[in-house]
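**Q** Sequence:
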Amino acid sequence: MAPGEGGQAPLLAGRGLHKRYGAVHAVRGVDISLSTDRYVTLLGPSGCGKTTILRMIGGFETVTAGVIALDGRPLLDTPPSRRPVNTVFQSYALFPHLNVADNVAFGLALRRLPRDEIARRVAEALQMVRMDSMGARRPRELSGGQQQRVALARAIVNRPRLLLLDEPLSALDRKMRKEMQIELKDLQRRLGLAFLHVTHDQEEAFALSDSIIVMNHGVIEQEGDPETIYRRPSNAYVADFIGGSNLVAGKVVACAGGEATLETAFGPARAPCAPGVAVGRRASLCLRPEQLVIGVGGSLGGTVRHTVFQGADWLVEVAAGSAALRVRCPDEEPPAVGGAVSLRYDPAKAWIADGALAGDA
Numbered sequence: 001m002a003p004g005e006g007g008q009a010p011l012l013a014g015r016g017l018h019k020r021y022g023a024v025h026a027v028r029g030v031d032i033s034l035s036t037d038r039y040v041t042l043l044g045p046s047g048c049g050k051t052t053i054l055r056m057i058g059g060f061e062t063v064t065a066g067v068i069a070l071d072g073r074p075l076l077d078t079p080p081s082r083r084p085v086n087t088v089f090q091s092y093a094l095f096p097h098l099n100v101a102d103n104v105a106f107g108l109a110l111r112r113l114p115r116d117e118i119a120r121r122v123a124e125a126l127q128m129v130r131m132d133s134m135g136a137r138r139p140r141e142l143s144g145g146q147q148q149r150v151a152l153a154r155a156i157v158n159r160p161r162l163l164l165l166d167e168p169l170s171a172l173d174r175k176m177r178k179e180m181q182i183e184l185k186d187l188q189r190r191l192g193l194a195f196l197h198v199t200h201d202q203e204e205a206f207a208l209s210d211s212i213i214v215m216n217h218g219v220i221e222q223e224g225d226p227e228t229i230y231r232r233p234s235n236a237y238v239a240d241f242i243g244g245s246n247l248v249a250g251k252v253v254a255c256a257g258g259e260a261t262l263e264t265a266f267g268p269a270r271a272p273c274a275p276g277v278a279v280g281r282r283a284s285l286c287l288r289p290e291q292l293v294i295g296v297g298g299s300l301g302g303t304v305r306h307t308v309f310q311g312a313d314w315l316v317e318v319a320a321g322s323a324a325l326r327v328r329c330p331d332e333e334p335p336a337v338g339g340a341v342s343l344r345y346d347p348a349k350a351w352i353a354d355g356a357l358a359g360d361a
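Residue numbers are given in UniProt numbering: position 44 of the sequence shown equals residue 44, and the series is strictly consecutive.
Watch out, some of these pointers could steer you wrong.
As the list claims (entries may be wrong) - Ranges between beta-carbon positions, derived for each pair:
(1) Pro45 / Val308: 51 to 59 Å
(2) Ser342 / Val24: 24 to 32 Å
(3) Arg282 / Leu315: 25 to 33 Å
(4) Gly276 / Gly16: 18 to 26 Å
(5) Gly257 / His18: 32 to 40 Å
(6) Pro80 / Gly321: 48 to 56 Å
(7) Phe89 / Val308: 18 to 26 Å
(8) Gly244 / Val337: 17 to 25 Å
(9) Ala9 / Gly280: 36 to 44 Å
What the hints assert, rightly or not - List of simulated lysine to aspartate or glutamate pairs, DMTMM-like, C-alpha gap at most 25 Å:
(10) Lys175 / Glu221
(11) Lys175 / Asp71
(12) Lys185 / Glu167
Calculated from the structure, these hints are not laboratory results. Don't be surprised by glycine CBs; every beta carbon is placed ideally from N, CA and C.
Could you put the whole structure together from the sequences, leaning on the hints where they help?
**A** Below is the structure:
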C-alpha cells in the first residue's frame, strides 16, 4: 500500500479500480489515496466517473476490478451499512415524516444504542452544524441550506472515519453555496475527518480542497493542491477545464531545464513547462485571462470582439487569427469593440502544458 503524507499508511487506498456497465467503461484503472484530516475533491464533467468512484467506496456500486481498503482493511466484502463511511447525497435524502432530531437519530436508533446516548449525540451533531434550535421542525419547514446541514448532522452523528459528499451544494443558489462552502471547510477542520467531495464546479473545488483530483473519461488527469492545478496544469485538458485558460497550440522545438520553446501561429513562445512536454510533441501555451495585458508592444495582436462587465473588471474577448483570447481588463472603460489591440504577457508566469485540444491547429 502506498504511503500517505509523512510516510504513514493512507486512511483510504483504492488500487486499479475499474467499473463497467456493459460496454461502458466508466472507471479505467484509477488509483486513489486519502490521508486522515484531508479535504479531497474529485472534480470533472458529468460522466467522467467521479460519482461512480464515490459510490464504490460507499458500497453502493460493485467494483468490476481493483481493491479498496480503509485503515488497511479490505472493504469490498463489507456491506454499506457496516463500512465506517457515511455519504451526504445531492438530494439530502431526509425522511419527510420525521422531524430534524429524529432524522439525525435514525442511524443510531437502528443500531439500538441507549436513548440517552442517542439524545446526547444528536444534540452534539446538531450543535456542530448550527441547527440545535430546530430539532422539532420537519424537513419541509427548512430552507435548502438548513436541509443540507441536517444531512451533514445525520452523517457525522455516526462518527465515520470518512465522509463522502456527492455534489452536496448543487441544489443551492449561488449565495447559499458560498456560505455552505465556508461552513463545510470549517466543519471538516473542527471534526478532523477526511472528506471526499464530488463536484463539477471548479470554484467550489478551489474553495474547499486540500487536494484536487481532476478526472476525464474514467481516468485521473492530474492530482495536486489547488494552486498547482491552476498554475501548472499537466495537459491541455486540465488547463482548459480549470479556469478556462487561453490555449495557443504548437509544436515543441526545444525543451531543457524545465522550460520549453513552442512554435505557434504567433511565433515562438518560451515558458516553463509540464513534465510531459518533449521536443517534437504537440503542446499548448497556457495564458490565464488575468495574465494577458492590453498595451503597446505585445507579441499577440488582434481585434476586440466582445466586452462583458463582470463587476470588479471587464472580460474582453480578442480575435487573434483563428484564436479567441479572453483578457481580464481592470480599467473602468474597456477597449472599443472592433478596435485593434496588442496583448503582452510575462513569459515567466505563462505555462506550457502537454498536448492540445481537439481541433486546435
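**Q** For the pair Ser342 and Val24, does the Cβ-Cβ distance stay inside 24 to 32 Å?
**A** 48 Å, violated
**Q** Would you say the C-beta atoms of Pro80 and Gly321 sit inside 48 to 56 Å of each other?
**A** 54 Å, holds
**Q** Can you tell me whether the CB distance of Gly276 to Gly16 sits inside 18 to 26 Å?
**A** For Gly276 and Gly16 the Cβ distance comes to about 22 Å; the hint holds.
**Q** Taking the beta carbons of Phe89 and Val308, is their distance inside 18 to 26 Å?
**A** 35 Å, violated
**Q** For the pair supplied as a hint, Lys175 and Glu221, is the alpha-carbon distance within the 25 Å limit?
**A** 30 Å, violated
**Q** Cβ-Cβ distance between Pro45 and Val308: within 51 to 59 Å?
**A** 23 Å, violated
**Q** Does the alpha-carbon distance linking Lys185 and Glu167 stay inside the 25 Å limit?
**A** 15 Å, holds
**Q** Does the Cβ pair Arg282, Leu315 satisfy 25 to 33 Å?
**A** Holds, since Arg282 and Leu315 (Cβ atoms, about 28 Å apart) stay within the stated range.
**Q** Do the beta carbons of Gly257 and His18 sit within 32 to 40 Å of each other?
**A** Given about 39 Å between the Cβ atoms, the range holds.
**Q** Check the following: the C-beta atoms of Ala9 and Gly280 are separated by a distance inside 36 to 44 Å.
**A** 41 Å, holds
**Q** So if I understand the rule, the pair passes when the alpha-carbon distance is 25 Å or less; does Lys175 with Asp71 pass?
**A** Given that 25 Å is the threshold and the Cα spacing comes to 37 Å, the pair is violated.
**Q** A range of 17 to 25 Å was offered for this pair. Does it hold for the Cβ distance of Gly244 and Val337?
**A** Roughly 21 Å apart at Cβ, these two residues keep to the hinted range, so it holds.
In terms of the numbered hints stated before, the structure departs from hints 1, 2, 7, 10, 11, listed from lowest to highest.
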